[in-house]
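> Below are the chains, spelled out letter by letter.
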Amino acid sequence: MALLDALLAAGQQILSPVTAAFALAAIGLNIHFGYTGLINFGQAGFVAVGAYGFALSVVWLELPIWLAILIAFAAAAVFAILLGIPTLRLRGDYLAIVTIAAAEIIRYTVNSSLFDDVTGGAQGITNNESQGSDYSSWLNQFNPLGEGRIELGPWVFTGTALWWSIVTWVIVGIVTLLVWLLMRSPWGLTLRGVREDPDAMASLGKFDSGIKLQALILGGVIGAMAGILYVLPSAVSPIDYNSRMTFNLFTIVILGGAATILGPIVGSIVFWTVLVLSEAMITWLVDIGILANFADAPQLRFALVGLALALLIVFRPQGILGNKKEMSFARS
Amino acid sequence: MPAVKHASDPILVAEGVQRHFGGVAAVDVELLEVPRGQITALIGPNGAGKTTLFNCLTGFDSANAGKWSFDGEPMQNVDRHRVARRGMVRTFQLTRVLGRLTVMENMLLGARQSGEKFSRSLFKPLWKADYDEATERAWGLLKRFKLDTKADDHAASLSGGQRKLLEMARALMTQPKLLMLDEPMAGVNPALVQSLLSHITDLRDEGLSILFVEHDMHVVKEISDWVVVMAEGRVVAEGESGPTLANPAVIDAYLGAHHDVDLRAIIREREAGRA
Ligand SMILES: Nc1ncnc2c1ncn2[C@@H]1O[C@H](COP(=O)(O)OP(=O)(O)OP(=O)(O)O)[C@@H](O)[C@H]1O
Ligand SMILES: [Mg+2]
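Residue numbers (the working numbering), protein chains in the order written: chain A, 1 to 332; chain B, 333 to 607.
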């Protein structure tokens, strides 16, 4: 039964570390866009900085894991400062332009054959003990589940895969808790104040650009954390960090409900299940001959996701968890 | 012969403040003094430069020339948020409420709380005391401004007059030394204007200095101790409220049919007097 398989696959996708990593990157973007009103079109760049910063520190510099993680975070913070200082005093559009350009520069740089020796160019960084390039076996040492087959209801996992899922989702849970603590505090209120009107905030003695920079750094570091989670169970591949990743993250934030604590998690889960389901549906339509088979049929699912986003914005602009009343006050 | 009248013990002194837009001198003020602990009205026709002067003095616009000091300290190169922290707090002619925050949240942002520091924000015990104190102060002000029933509403849902009130109350949350109000009574209903006026005089009696822009002459007459008249970017008259408002040239400037002509005459006269 193709349809049942598709539903099962969609269910399993919920637990996947990719879903968790996207939820985490979206939590970072939500701090930028949802809470502070910063239009960061380069969140994929922060994710890439985290992924490469971590993997390169381990594989190339052969540093201890904890230091590699710190380096990834610090690199994201520096990236945020470099992007933020020249733009945050200006209108929002400037940050948007600079972040999209910077993210592309990062992707071109790591993708370029010029730095093949370090970054692996378009091949990226392999994560395989037998090839001597590995940055995640340390985490497998702590795996209590073993490597064998584990059945959870109708779903079958390898012990390793389930361990990755648990680790990544626990991290998402901890970060969500921290973000909740931050957002209910007076500091969190200053972010939302800046989103509404930086000038009014300045008239009350708040350093609006400084608040924006703090938000940019925090969301960027969380994006870098997502980058680490994203590459831990797989390899580092430069093509992943294109603008489509940022676009998908915006979809997730808006889908779940901007400026809500759980929105990015709900958004990521819904986004990835819909993606898996629509892929299965397209394959099925091809199988039964309704849809002609063409080479990039699976890509059609992204068109469907785009359509879903457009419909969402028309019919439920506040997203799944957002506050409708608040949305009705949104300024043009 | 109208000559410059000095305020005794001014809290704000501005000299030679100029702001040009293209060839137009929106502000060209030789001397402005705002007396301490009094209510000063800044009046003048539309386009006189009152709002632009506010913007320059508070760091929201950069003056092309001039220097000014607040409470004895130079302020001309101070960042706008630091101007506010030092106690010079302004409101806006076109209100700037934080629309998708509640009225209470707007008020709380007026206070300076320890929990606004990132490093203290994670643990509520570190900021709760400040927060409770600010909340209590906010309730007091909201009651005085008849906004307490609106505390949990989004500020975007307030009427124009209510927004004016919220902005003024929010500015008071900062505990300013000099409160600079740009047309605070515009759009506020007469009954509430009366109660606000007595509130403002109360604030003065508690030691606050107030500078406000106002077009309604009844309001100006009723509460101001000192009046500064601007026209075409310049200060054309200042002094104790009573005599200044009785000055026929000032009355003409405001009400006269040929006020442009009359103002130029006053400006020439003052310049002659100074030379
Ligand atoms: N950003 C700007 N660019 C160009 N001209 C400006 C700008 N801001 C103000 N002006 C001009 O400066 C002059 C003074 O304007 P300002 O807003 O200070 O007047 P005002 O005294 O506050 O008037 P009103 O009583 O109508 O509020 C006006 O002629 C206005 O057109
Ligand atoms: Mg004005």
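In case anyone wonders, no lab produced these hints; they're calculated from the structure.
Heads up, a few of these hints could be off.
Stated by the list, open to error - In silico EDC-like pairs for lysine to aspartate or glutamate, Cα to Cα no more than 20 Å straight-line:
{"#": "1", "chain 1": "B", "residue 1": "K456", "chain 2": "B", "residue 2": "E468"}
{"#": "2", "chain 1": "A", "residue 1": "K325", "chain 2": "B", "residue 2": "E465"}
{"#": "3", "chain 1": "B", "residue 1": "K509", "chain 2": "B", "residue 2": "D411"}
{"#": "4", "chain 1": "A", "residue 1": "K324", "chain 2": "B", "residue 2": "E465"}
{"#": "5", "chain 1": "B", "residue 1": "K478", "chain 2": "B", "residue 2": "D411"}
{"#": "6", "chain 1": "B", "residue 1": "K478", "chain 2": "B", "residue 2": "D462"}
{"#": "7", "chain 1": "B", "residue 1": "K553", "chain 2": "B", "residue 2": "D534"}
{"#": "8", "chain 1": "B", "residue 1": "K509", "chain 2": "B", "residue 2": "D485"}
{"#": "9", "chain 1": "A", "residue 1": "K325", "chain 2": "B", "residue 2": "D534"}
{"#": "10", "chain 1": "B", "residue 1": "K482", "chain 2": "A", "residue 2": "D93"}
{"#": "11", "chain 1": "B", "residue 1": "K449", "chain 2": "B", "residue 2": "E437"}
{"#": "12", "chain 1": "B", "residue 1": "K399", "chain 2": "B", "residue 2": "D411"}
{"#": "13", "chain 1": "A", "residue 1": "K325", "chain 2": "B", "residue 2": "E468"}
{"#": "14", "chain 1": "A", "residue 1": "K324", "chain 2": "B", "residue 2": "D484"}
{"#": "15", "chain 1": "B", "residue 1": "K475", "chain 2": "B", "residue 2": "E437"}
{"#": "16", "chain 1": "A", "residue 1": "K324", "chain 2": "B", "residue 2": "D485"}
> If a hint holds in the structure, say so; if it does not, say that too.
Against the structure, the hints:
Note on K456 of chain B and E468 of chain B: the hinted pairing holds, with a Cα-Cα distance of about 17 Å set against a maximum of 20 Å. Proposed proximity of K325 of chain A and E465 of chain B is contradicted: the alpha carbons are some 29 Å apart, above 20 Å. At roughly 17 Å between alpha-carbon atoms, K509 of chain B and D411 of chain B fall within 20 Å of each other, so this suggested pair holds. A hinted pair counts as satisfied when its Cα atoms are at most 20 Å apart, and K324 of chain A with E465 of chain B does not qualify at roughly 31 Å.
As the CA atoms of K478 of chain B and D411 of chain B are separated by approximately 33 Å, the hinted pair breaks the 20 Å bound. Distance hint between K478 of chain B and D462 of chain B is unfulfilled; the C-alpha atoms sit about 24 Å from each other, more than 20 Å. Between the alpha carbons of K553 of chain B and D534 of chain B the distance comes to roughly 16 Å, so the proposed pair stays at or under 20 Å and holds. Proposed proximity of K509 of chain B and D485 of chain B is contradicted: the alpha carbons are some 29 Å apart, above 20 Å.
The suggested pairing of K325 of chain A with D534 of chain B is violated, with an alpha-carbon distance near 38 Å, which exceeds 20 Å. For the hint pairing K482 of chain B with D93 of chain A, the CA-to-CA distance comes to about 34 Å; that exceeds 20 Å, so the pair is violated. The hinted pair formed by K449 of chain B and E437 of chain B meets the criterion: a straight-line CA distance of about 17 Å does not exceed 20 Å. For a cut-off of 20 Å, the pair hint linking K399 of chain B to D411 of chain B stands: about 14 Å separates their Cα positions.
For the proposed pair K325 of chain A and E468 of chain B, the alpha carbon gap of about 27 Å is over 20 Å, so the pair is violated. With a C-alpha separation of about 16 Å, the suggested pairing of K324 of chain A with D484 of chain B holds against the 20 Å cut-off. Of the supplied pair hints, the one linking K475 of chain B and E437 of chain B holds, its CA atoms being roughly 15 Å apart against a limit of 20 Å. Of the pairs offered as hints, the one joining K324 of chain A and D485 of chain B holds, with about 14 Å between alpha carbons and a cut-off of 20 Å not exceeded.
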